Amino acid sequence: MRLITSNRRPEDAVYRHVIPAGEPWLFEVQKGQTLRLLDLEGNQAIDTLFYNADNPRERYDPQRTLRRQGNAYLTTGSVLYSNLGNPLLTIVADTCGRHDTLGGACAQESNTVRYAQDKRYMHSCRDNFLCACLHDGRLHNRDNGPNNNKKINLPNTPQRRHTLLKRVIGGMIIFFMNVPVTPEGGLTFEDGISAAGKYVELRAECSAVVLISNCPQLNNPCNGWNPTPAEVLVWN
Amino acid sequence: MTALFHSSPSLREERLPGGAHTSLILRKGQILRLTDIDGGANVSMMMLNPHEKSERLNLPDTLKGQHTARLTAGHCFYSDMGRVLAGIVADSCGWHDPFGGVLNADETREKYGAGRYQELRNGFYRNGVDNLLVEMGKWDLGLEDLLMVVNFFSKVTVDEDGGFRFIPGNSRAGDYVELFAPMDVLMVLTALPHPQDPDAEYAPRPIQLSWYQADDAQATAEALFTRDENQRAFLNTQLFAL
Numbered sequence: 001m002r003l004i005t006s007n008r009r010p011e012d013a014v015y016r017h018v019i020p021a022g023e024p025w026l027f028e029v030q031k032g033q034t035l036r037l038l039d040l041e042g043n044q045a046i047d048t049l050f051y052n053a054d055n056p057r058e059r060y061d062p063q064r065t066l067r068r069q070g071n072a073y074l075t076t077g078s079v080l081y082s083n084l085g086n087p088l089l090t091i092v093a094d095t096c097g098r099h100d101t102l103g104g105a106c107a108q109e110s111n112t113v114r115y116a117q118d119k120r121y122m123h124s125c126r127d128n129f130l131c132a133c134l135h136d137g138r139l140h141n142r143d144n145g146p147n148n149n150k151k152i153n154l155p156n157t158p159q160r161r162h163t164l165l166k167r168v169i170g171g172m173i174i175f176f177m178n179v180p181v182t183p184e185g186g187l188t189f190e191d192g193i194s195a196a197g198k199y200v201e202l203r204a205e206c207s208a209v210v211l212i213s214n215c216p217q218l219n220n221p222c223n224g225w226n227p228t229p230a231e232v233l234v235w236n
Numbered sequence: 001m002t003a004l005f006h007s008s009p010s011l012r013e014e015r016l017p018g019g020a021h022t023s024l025i026l027r028k029g030q031i032l033r034l035t036d037i038d039g040g041a042n043v044s045m046m047m048l049n050p051h052e053k054s055e056r057l058n059l060p061d062t063l064k065g066q067h068t069a070r071l072t073a074g075h076c077f078y079s080d081m082g083r084v085l086a087g088i089v090a091d092s093c094g095w096h097d098p099f100g101g102v103l104n105a106d107e108t109r110e111k112y113g114a115g116r117y118q119e120l121r122n123g124f125y126r127n128g129v130d131n132l133l134v135e136m137g138k139w140d141l142g143l144e145d146l147l148m149v150v151n152f153f154s155k156v157t158v159d160e161d162g163g164f165r166f167i168p169g170n171s172r173a174g175d176y177v178e179l180f181a182p183m184d185v186l187m188v189l190t191a192l193p194h195p196q197d198p199d200a201e202y203a204p205r206p207i208q209l210s211w212y213q214a215d216d217a218q219a220t221a222e223a224l225f226t227r228d229e230n231q232r233a234f235l236n237t238q239l240f241a242l
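Note that the protein sequences, when read in sequence, are chains G and E.
For reference, each letter of the first sequence is one residue, going 1 to 236 in this note's numbering.
For reference, each letter of the second sequence is one residue, going 1 to 242 in this note's numbering.
For the record, the hints were derived by calculation from the structure and aren't laboratory data.
Since this is a predicted model, take the numbers as computed values, not measurements.
Quick reminder that beta carbons are idealized off the backbone N, C-alpha and C, glycines included.
Be careful, since some hints might not be right.
[What the hints assert, rightly or not] Short, incomplete list of chain G residues facing chain E, as computed with Cβ under 7 Å:
1. Asn7
2. Arg9
3. Gln63
4. Ala72
5. Tyr73
6. Gly85
7. Gly103
8. Thr112
9. Val113
10. Arg114
11. Lys166
12. Arg167
13. Val168
14. Val181
15. Leu187
Make the full structure from the sequences, and use the hints.
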């Protein structure tokens, strides 16, 4: 694995936010800005969705992204493509070396399948996504959301103005998670290869909404059995 | 898996021409057989709950729940609500691909060149994104509902470094795969070449669709109890239907 460091200094960042363990965070990066996701204490999965801020129907597409790079893992050089075929962001530095986009987020419902019925009531990434979206509104309500001053080039059909909220939750990247695929077609969950201070940096190719769940999963080693805080930093 | 869970004549037969798209509701207790008529076919499919269309096929959950990166007999397709939308109960070719997705119009033009209706009439070069979107539009579904899709009949392997390799010849003439529905499931599908198939000639292959009634729905479901996760997902399906 090729590790690429960055010389951007945290003190020069225009935006910094520490996401406590198990919490969501939704924010925007502008075209040309660089976003760093920092694993503060190590082995912390950061489930992340990206949308084009000017047209939130345009979102990250895992299958197109993997197909176009001819590889199942994301690292420096990976271009994150949208469902419309456009680049949303590009990974420009990565000190971890490999990130997963096949495993998806945990949810109460998938916890009942993967572990046991009584795991339904544990906190999960999908709960985080729904909660953040419901408060924010910009991903599903184009009339009343914070983006109402932006010109959005979409047909003005009433049904599409108020889409079901859950519909916007699609493909995602689980940064710092290691899910190797075997040549025989197996999918394995390995211990994290991340560690305290590892980071990944992405350059925004368009203005993007970033929706994060700092994963609260306690039933598998994706967070080293101990979910911890993560930091986001943005540079101009 | 070679055992068949249906013995009566098919309820319906339909030939899906290469390049075409269709959608259907497979009713609870039914089995849909997809047959590769000429060999080398590929079918891209999205699945949803027709009664609550925000419940959709979740391929990431499907793969991680069954610890697999290929799909074959004994595997289930999970929804994002932790239920089994469908399961593969028979499969003569052994590998169906969850990675490749579908090409859009630009990617199709890039791969095959221009192929417009104006010149080619119904032989025009269709693309998977538009085909699935058009079909989904008929159910008042849109771009937001098009998630990761399955590509039946195609095999793509992943090497040690993560590199993809498309394996030609995975499906021969007459190969089939059968999907059992433990709940009503809306299937949206198109018969187009796999995006990673290196063949530069646009040559989509036809598919035969055959509907069957499962002889014994419970026995068919139990054939999919291949691991604890599937059994728990079936329990979710059952509890929701109470």
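These are the hints, each one checked on the structure:
The beta carbon of G/Asn7 comes no nearer than 27 Å to any beta carbon in chain E, farther than 7 Å, and the hint placing it at the interface is violated. Using the Cβ-Cβ criterion of 7 Å, the hint placing G/Arg9 at the interface with chain E is not satisfied: the shortest such distance is roughly 32 Å. Taking 7 Å as the C-beta contact cut-off toward chain E, the hint placing G/Gln63 at the interface holds, the least distance being around 3 Å. Hint on G/Ala72 holds. Least Cβ distance to chain E is approximately 4 Å, under the 7 Å limit.
Given hint, G/Tyr73 at the interface with chain E, holds; its Cβ is 4 Å from that chain's nearest Cβ, closer than 7 Å. Evaluation of the G/Gly85 hint against chain E yields a held restraint, the C-beta minimum of about 5 Å falling below 7 Å. Taking 7 Å as the C-beta cut-off, the interface hint given for G/Gly103 holds, the closest approach to chain E being about 5 Å. For G/Thr112, the suggested interface contact is upheld, since its CB lies about 5 Å from the closest CB of chain E, less than 7 Å.
Of the supplied interface hints, the one on G/Val113 holds, with its beta-carbon coming within about 5 Å of a beta-carbon of chain E, less than 7 Å. Interface restraint check for G/Arg114: the shortest CB-CB distance to chain E comes to about 6 Å, inside 7 Å, so the restraint holds. Interface hint status for G/Lys166: upheld, as the beta-carbon distance to the closest one in chain E is roughly 5 Å, under 7 Å. With its C-beta approaching chain E no nearer than about 4 Å, G/Arg167 sits inside the 7 Å limit, and its interface hint holds.
Hint status for G/Val168 relative to chain E: holds, with the closest Cβ pair at about 6 Å, below 7 Å. A least Cβ separation of about 4 Å between G/Val181 and chain E falls short of the 7 Å threshold, and the interface hint therefore holds. For G/Leu187, the suggested interface contact is upheld, since its CB lies about 5 Å from the closest CB of chain E, less than 7 Å.
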